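Engineer: As a plain string of letters, each chain reads:
There are 2 protein chains.
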Amino acid sequence: MTDTHPFDDAIRLETVDAHTRRGRTHPEWANMVGPFGGITAATMLHAIESHPDRIGEPLALTVNYAAPIADGDFDISLRAARTNRSNQHWIAELSQDGDVKTTATALFALRRDSWGDTETRPPSAPDPERLPPTDPGIVRWTSLYDMRYVEGPIPAQHGQPSESSTTTLWVRDGAHRPVDYPALAALSDVFYPRVFLRRGGVIPSGTISLTTYFHADQHQLDALGNDFVLCTAHANRFTRGYFDQSAQLWTREGTLLASTHQVVYFKG
Amino acid sequence: MTDTHPFDDAIRLETVDAHTRRGRTHPEWANMVGPFGGITAATMLHAIESHPDRIGEPLALTVNYAAPIADGDFDISLRAARTNRSNQHWIAELSQDGDVKTTATALFALRRDSWGDTETRPPSAPDPERLPPTDPGIVRWTSLYDMRYVEGPIPAQHGQPSESSTTTLWVRDGAHRPVDYPALAALSDVFYPRVFLRRGGVIPSGTISLTTYFHADQHQLDALGNDFVLCTAHANRFTRGYFDQSAQLWTREGTLLASTHQVVYFKG
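So the protein sequences, as listed, match chains G and P. For the first sequence, UniProt numbering assigns the number 1 to the initial residue and increments by one for each residue that follows. For the second sequence, UniProt numbering assigns the number 1 to the initial residue and increments by one for each residue that follows.
Everything labelled a hint here was simulated from the structure, so no lab data went into it. Honestly, I wouldn't trust all of these hints.
For each label pair, taking beta carbons as the anchor points, the in silico distance ranges come out as [as the list claims (entries may be wrong)]:
#	chain 1	residue 1	chain 2	residue 2	range
1	P	Thr120	G	Thr134	24 to 30 Å
2	G	His158	P	Thr15	52 to 58 Å
3	P	Pro204	G	Gln160	49 to 55 Å
4	G	Pro126	P	Leu110	42 to 48 Å
5	G	His5	P	Pro133	57 to 63 Å
6	G	His5	P	Arg252	48 to 54 Å
7	P	Gln160	G	His158	27 to 33 Å
8	P	Gly116	G	Asn84	37 to 43 Å
9	G	Ala70	P	Arg252	43 to 49 Å
10	P	Thr134	G	Asp17	51 to 57 Å
11	P	Gln160	G	His5	47 to 53 Å
12	G	Asp17	P	Gly268	40 to 46 Å
13	G	Arg85	P	Leu110	41 to 47 Å
Rough simulated footprint, nothing fancy, chain G against chain P, three-plus residues with beta-carbon under 8 Å [said to hold, decoys possible]:
#	segment
14	202–212
15	237–245
Model, not experiment: these values are computed from the prediction. Glycine is no exception: its CB is placed at the ideal position from the N, C-alpha and C atoms.
So that you can see chain G by itself, here it is in the shape it has in the complex (with noise of 0.2 Å):
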């Protein structure tokens, strides 16, 4: 028992030696089998940002589900394969027991200023405050957050099909604890599978790869604070058990935070 947030708990990491850390499941993280997927990318972001080798912010992080981790302790081993000037590049490998759960990569960087622009622009969304607050209620990891659905909630069980795959929701975190990089990690992976929504139900999914680029500064994250972020997600093609994701996630004054894609699988 902790007074700290579930969020810092579930990515607490004690360190084994130089290359490895400890962390364990939290309960309260709890998916359809094993932890939901963005407290493991969480986690495995937060091992590699709290080394002392660290080099920069994170820029590219890719997360593997390779296999479901079981309740319990787990080891995540990590190596820097490359120090550059201005970034560095990580593989990690989450296991238990010597079973492969998890495979990552991570490039973190130096950012510097330059000319910028924002294409992509943001969906239009009321504000948070004017939307009722819903969860979904499937799985237990939904309850930390504060979810405010603008576009294509989850489907009730034996719903109707949906022509399109999109679904935009505000997202906070649940006891108000700041954005940060593990934070924005796991909200990349908050969408429910588009396939519930083009099907109309709950059907068997995971993703089994998620990649994330982090456009954000620690100065954007500071000023976003502990604020509402507008998430919006598509797929682009269903096909032969798999389908991929693209989403992208907004501060409420139009910045793009992150880009994230997956691939998931599914059935039927």
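Please arrange chain P on chain G, whose structure you already have, making use of the hints.
Structural biologist: Leaving out everything else, chain P in the frame of chain G:
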């Protein structure tokens, strides 16, 4: 000297031991610095798909360009981190003289029949036969492709900035080599950097991390053969020296072969 195609020459590998393959750079695939990132992605994928332990077809590939590959030999170490009933997770590293130059993770999977739909639409484009082939001519490898720009050709040096970062082009292997998974991996990186278009000129820049989701099954690749592929790319956000690109590869008949994303550094 061989009679084979430069693509096959470039991705050819020798077995050093059970987990190591040796290849070498190919002068015709030279980029600004080191080889074309697409041929490196293709080589990493080929190393895995030709491994005797491999199951299934490529579903996702992430390649991290950690440092330029010098002209000459390189070794690829590869390992199946996890083999499940229907998919397999690989980790690979390309090194030269013990220095890591490239890291990669790949997901191979058995495809099976399922409901399917392509939600994204291809860009409108005239048939490639109605467009002239152009070779930007800035780097050597582009001469190995027949490229026909529909929208957003490479700007002239000191050209006009564009408000859109979108480029769409038809691409076909110059020697009509059929498209297989390594060829799709290479086409994922066929776009010149989006910042050229937005800034109106050639700007120092390079892909640092590339992720491709393969939608095409072998049957669809067989149907495509050596025909043109419609490639379209755009950027989402340029900020503090980096931007992300999202792209799609389409057949003439409107089959989405792959979705692909990357993060790119740039100066200026």
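Engineer: For each hint, tell me whether it holds in the structure or not.
Structural biologist: For each hint, the structure was consulted:
no., hint, verdict
1, P:Thr120 <-> G:Thr134: 24 to 30 Å, "holds (28 Å)"
2, G:His158 <-> P:Thr15: 52 to 58 Å, "holds (53 Å)"
3, P:Pro204 <-> G:Gln160: 49 to 55 Å, "holds (51 Å)"
4, G:Pro126 <-> P:Leu110: 42 to 48 Å, "holds (44 Å)"
5, G:His5 <-> P:Pro133: 57 to 63 Å, "holds (58 Å)"
6, G:His5 <-> P:Arg252: 48 to 54 Å, "holds (53 Å)"
7, P:Gln160 <-> G:His158: 27 to 33 Å, "violated (55 Å)"
8, P:Gly116 <-> G:Asn84: 37 to 43 Å, "holds (42 Å)"
9, G:Ala70 <-> P:Arg252: 43 to 49 Å, "holds (47 Å)"
10, P:Thr134 <-> G:Asp17: 51 to 57 Å, "holds (55 Å)"
11, P:Gln160 <-> G:His5: 47 to 53 Å, "holds (50 Å)"
12, G:Asp17 <-> P:Gly268: 40 to 46 Å, "holds (42 Å)"
13, G:Arg85 <-> P:Leu110: 41 to 47 Å, "holds (43 Å)"
14, 202–212, "holds (count 3)"
15, 237–245, "holds (count 7)"
The structure is inconsistent with hint 7 alone, although it conforms to all the rest.
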